[in-house]
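Undergrad: Protein chains in written order, with the numbering used here: chain V, 9 to 332; chain E, 9 to 332; chain S, 9 to 332.
Don't read these hints as lab results, they were simulated from the structure.
Note that the structure is a prediction, hence the values are computed from the model and not measured.
A hint or two may mislead.
Pairs involving identical chains hold if they fit within one copy or between any two copies, as the list cannot separate such chains.
Claimed, not checked - Cross-link-like lysine-lysine pairs, in silico, DSSO-like; alpha carbons within 30 Å at most:
(1) 173 <-> 279
(2) 64 <-> 253
(3) 24 <-> 173
(4) 64 <-> 173
(5) 24 <-> 249
(6) 249 <-> 88
(7) 279 <-> 88
(8) 24 <-> 88
(9) 253 <-> 88
(10) 173 <-> 255
(11) 255 <-> 88
(12) 279 <-> 255
(13) 253 <-> 173
(14) 24 <-> 253
(15) 255 <-> 64
(16) 64 <-> 279
(17) 173 <-> 249
(18) 253 <-> 279
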Amino acid sequence: MSNTDNRTAQVDETGKLRHLLRLDGLSREFITALLDRAESFQTRVGEPPARDDALKGRTVANLFFEPSTRTRASFELAAKRLSADVLNLDVNMSSRTKGESLLDTIYTLQAMQVDIFVVRDASAGIPAYITQNAEPHVSVLNAGESDISHPTQGLLDLMTIREAKGTLDGLTVTVIGDIAHSRVARSISEGLRIMGNNELRLVSPTGLNGDSELYPGAQLTSDLDGAIEGADVVMALRIQKERIKEKSSLMTSMEYHQQFGLTEERLALAKPDAIVMHPGPMNRDVEISGPVADGPQSVVTQQVHNGVAVRMAVLAAVNEARST
Amino acid sequence: MSNTDNRTAQVDETGKLRHLLRLDGLSREFITALLDRAESFQTRVGEPPARDDALKGRTVANLFFEPSTRTRASFELAAKRLSADVLNLDVNMSSRTKGESLLDTIYTLQAMQVDIFVVRDASAGIPAYITQNAEPHVSVLNAGESDISHPTQGLLDLMTIREAKGTLDGLTVTVIGDIAHSRVARSISEGLRIMGNNELRLVSPTGLNGDSELYPGAQLTSDLDGAIEGADVVMALRIQKERIKEKSSLMTSMEYHQQFGLTEERLALAKPDAIVMHPGPMNRDVEISGPVADGPQSVVTQQVHNGVAVRMAVLAAVNEARST
Amino acid sequence: MSNTDNRTAQVDETGKLRHLLRLDGLSREFITALLDRAESFQTRVGEPPARDDALKGRTVANLFFEPSTRTRASFELAAKRLSADVLNLDVNMSSRTKGESLLDTIYTLQAMQVDIFVVRDASAGIPAYITQNAEPHVSVLNAGESDISHPTQGLLDLMTIREAKGTLDGLTVTVIGDIAHSRVARSISEGLRIMGNNELRLVSPTGLNGDSELYPGAQLTSDLDGAIEGADVVMALRIQKERIKEKSSLMTSMEYHQQFGLTEERLALAKPDAIVMHPGPMNRDVEISGPVADGPQSVVTQQVHNGVAVRMAVLAAVNEARST
Chain V
9 MSNTDNRTAQ
19 VDETGKLRHL
29 LRLDGLSREF
39 ITALLDRAES
49 FQTRVGEPPA
59 RDDALKGRTV
69 ANLFFEPSTR
79 TRASFELAAK
89 RLSADVLNLD
99 VNMSSRTKGE
109 SLLDTIYTLQ
119 AMQVDIFVVR
129 DASAGIPAYI
139 TQNAEPHVSV
149 LNAGESDISH
159 PTQGLLDLMT
169 IREAKGTLDG
179 LTVTVIGDIA
189 HSRVARSISE
199 GLRIMGNNEL
209 RLVSPTGLNG
219 DSELYPGAQL
229 TSDLDGAIEG
239 ADVVMALRIQ
249 KERIKEKSSL
259 MTSMEYHQQF
269 GLTEERLALA
279 KPDAIVMHPG
289 PMNRDVEISG
299 PVADGPQSVV
309 TQQVHNGVAV
319 RMAVLAAVNE
329 ARST
Chain E
9 MSNTDNRTAQ
19 VDETGKLRHL
29 LRLDGLSREF
39 ITALLDRAES
49 FQTRVGEPPA
59 RDDALKGRTV
69 ANLFFEPSTR
79 TRASFELAAK
89 RLSADVLNLD
99 VNMSSRTKGE
109 SLLDTIYTLQ
119 AMQVDIFVVR
129 DASAGIPAYI
139 TQNAEPHVSV
149 LNAGESDISH
159 PTQGLLDLMT
169 IREAKGTLDG
179 LTVTVIGDIA
189 HSRVARSISE
199 GLRIMGNNEL
209 RLVSPTGLNG
219 DSELYPGAQL
229 TSDLDGAIEG
239 ADVVMALRIQ
249 KERIKEKSSL
259 MTSMEYHQQF
269 GLTEERLALA
279 KPDAIVMHPG
289 PMNRDVEISG
299 PVADGPQSVV
309 TQQVHNGVAV
319 RMAVLAAVNE
329 ARST
Chain S
9 MSNTDNRTAQ
19 VDETGKLRHL
29 LRLDGLSREF
39 ITALLDRAES
49 FQTRVGEPPA
59 RDDALKGRTV
69 ANLFFEPSTR
79 TRASFELAAK
89 RLSADVLNLD
99 VNMSSRTKGE
109 SLLDTIYTLQ
119 AMQVDIFVVR
129 DASAGIPAYI
139 TQNAEPHVSV
149 LNAGESDISH
159 PTQGLLDLMT
169 IREAKGTLDG
179 LTVTVIGDIA
189 HSRVARSISE
199 GLRIMGNNEL
209 RLVSPTGLNG
219 DSELYPGAQL
229 TSDLDGAIEG
239 ADVVMALRIQ
249 KERIKEKSSL
259 MTSMEYHQQF
269 GLTEERLALA
279 KPDAIVMHPG
289 PMNRDVEISG
299 PVADGPQSVV
309 TQQVHNGVAV
319 RMAVLAAVNE
329 ARST
């Protein structure tokens, strides 16, 4: 195994998490342990949040090349509640100069003894590029990478499903929307394949369907009603307009809602105890109706709540790998 | 009493502060206790600031839809000196999408166990709207709302006056400037009516005078000299140009200073021990002359100093209400 | 000595550091003690950074009128690792209104009990102006001032040279680039003159050469090879395009690299154990070739690493002066 392989491997030879770039490559046991750990960081909303000194004296840099209030806040709170020092860096780099400037930024921050980089970027390959170039003690967490990977979102989705269903095996999960541009769909798909024998149905309008090679074993369809029927989990996604070049081909919001919106009528086709998920921010009356978004089957705010716990678990895990 | 009333009530049934949206509705005793508490958080400039663990483990989010370096810094320091975790969110939302995006932001942050929202917005009703929609354990502090309310500014003004005058009863207070667009005038007016039998005189150029219904018992006038005569407190306000549509009707800065500027000559009409106040930032030689702004009667920096103490008192108070 | 002199003096009558505006005026013993202290704050990259409670309860404001991710991050981490509360203020002020707004900002922040101002500005004289107008207990640290002074950069450069060479006396130091606009050259020049009998050679293209009055004893030249020959230290600077008005006179990057770039061939003219420095961010293949930037003689990341330690030492030093 080459040096580079060692450096970019997500899990080291002793089984500890070094980086988190995507869910593929992690074992069922490993993810189960991460989710268990995340549960230990859960307290009820309204109660004081869990706190821990695990990262006291350590420095976490949020390096966001793509703006994100929600994900940045979630990682920032997770790091602060583990007593880390947190550095927020909202970086605007033109793509032309990004390569060199990025390395310069990484070299600079690691020389300042930043331990963990939380990286979000609209282009592909940046988190892995950092792991290849950073010093061995640095950990990189992918906080959203193009349309490719969003592993902490995948973990919080798994945690939320396990919480509601008691299992991550034998489930039927339906994801509706802009599959073509969705890193959320990619990560939950990887997670569901690792965790059990699950059926994944991906529903999208023509032109926004996923690449079947990226979703082995999944059913790709435009038949919304058929895909919802009997589902345990129904997840709605927003259209990622910022990643679509030919905007003229897009339906209006009203057309989209009529054809692909998750309404109460459509949700009634799923199992009676099906849960409704959305990675947020939701566009009510576009991909999801207001009554469904805020209804009894929705676990959308629980997803957000679990997001902080999952990120605490991941931060604590990579910190342990570093400390050994 | 409906559920909504309970949720948006500033003071709960046990007399504890749940939210702070405006001063109206708070009792004299309640405000006196808040000011006493603020005094307990005061140390002299140059000494180490007061610190307390009251908010340790709690999370305060500064949600500023209108930029403000000063007020944001004051709340941030108040929260940090009470050992809270602080999240700064400078949010730019178009007014068209604000409603839904705002709720989404609030739901998201409360799911992340943010306990206290400090909200500043250029439009009316946002803080109350959040109290109506947030979960019961969340507290909302108004850090400036359109031309309507700025209650922590009102409290720090009361604190500064009480400190200088030894009382909040029987005083003559003159406020000069753009009363029409001033949330500062609104809040000090509410405070003075609650705290005692005070005489409020509001002086403004034609076109910028206050609505008499909003200022019961106050004297609204354009007679500057008459209004200053015998005053215990003289407060100058800046013209809120950003809230005035027909800018062509505005006087030049020089004209304004000649007609409404607080100069040493005019200040001589007030009581010899009158204090000079300004909510800042001051425009020297427009609404206030340099010698008055920096003169012996000015308590402008004391207002800023008291602002941190008042905000610590308010944060500690809502935290206690939450904890019971 | 007038009051103003006392207030703006960098070192008080008991020999303690009150402000850091430039290196000139500090003694050899004083800088040696600062560097020793900085070394006490050094730990190896990958190890947990040094931590100390020296600034617990104190407030540091980063007041950056000129954007800088690197220097801001370095000061922020230094302050946090000394347990200070840190306030980040990125201020955009038009030069026309800067004077008054700046004072207003300073008065406001000191009233909020900010103890230490870290100030970066593209125009000259701002840090000294603040010391003249701030209250006596406030300390001002210059984090980069026009083309005039960058004293913590000068200190970290001295620290890095001392670390590599074991001395700050009898060295030959060559600085290559845009000397005319370089505050980095100014500060290292001041430092080298104070610390020993060193030879400073400043190499620049025509039009970008330094003013000989500002560099007493230094050799100003355009002869790159001659200036590198026998040097102990070779420092490359970037062209400060943002400070050059007549951009048409600039060479292309390729021309510059051919004529003034620090390449392996040119570096071979220096002593075999010469070190290569750069204040960052580096433009590879413009002022420095990639192999030199990342080669065995480069101490560029060590400079960044030492920057945090130097800033911790300076923060701790001014805090002690305040506390007595």
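Undergrad: Taking the hints in turn, state whether each one holds.
TA: Each hint, compared with the structure:
1. 173 <-> 279: Within one copy only: 12 Å inside, 70 Å across.
2. 64 <-> 253: neither (45 Å within a copy, 47 Å between copies)
3. 24 <-> 173: within (28 Å within a copy, 40 Å between copies)
4. 64 <-> 173: So residue 64 and residue 173 fail the 30 Å test inside a copy (35 Å) and across (35 Å) alike.
5. 24 <-> 249: neither (38 Å within a copy, 47 Å between copies)
6. 249 <-> 88: Neither, since 33 Å and 39 Å both go past 30 Å.
7. 279 <-> 88: Answer is neither: 39 Å inside a copy and 48 Å across each miss the 30 Å cutoff.
8. 24 <-> 88: both (22 Å within a copy, 29 Å between copies)
9. 253 <-> 88: neither (38 Å within a copy, 44 Å between copies)
10. 173 <-> 255: neither (38 Å within a copy, 61 Å between copies)
11. 255 <-> 88: Neither: 40 Å inside a chain and 46 Å across chains, both beyond 30 Å.
12. 279 <-> 255: Answer is neither; intra-copy 35 Å and inter-copy 61 Å both fail.
13. 253 <-> 173: neither (38 Å within a copy, 57 Å between copies)
14. 24 <-> 253: neither (41 Å within a copy, 54 Å between copies)
15. 255 <-> 64: neither (47 Å within a copy, 48 Å between copies)
16. 64 <-> 279: So residue 64 and residue 279 fail the 30 Å test inside a copy (45 Å) and across (43 Å) alike.
17. 173 <-> 249: neither (32 Å within a copy, 57 Å between copies)
18. 253 <-> 279: neither (37 Å within a copy, 56 Å between copies)
Checked against the numbered hints given earlier, this structure breaks hints 2, 4, 5, 6, 7, 9, 10, 11, 12, 13, 14, 15, 16, 17, 18; the rest are met.
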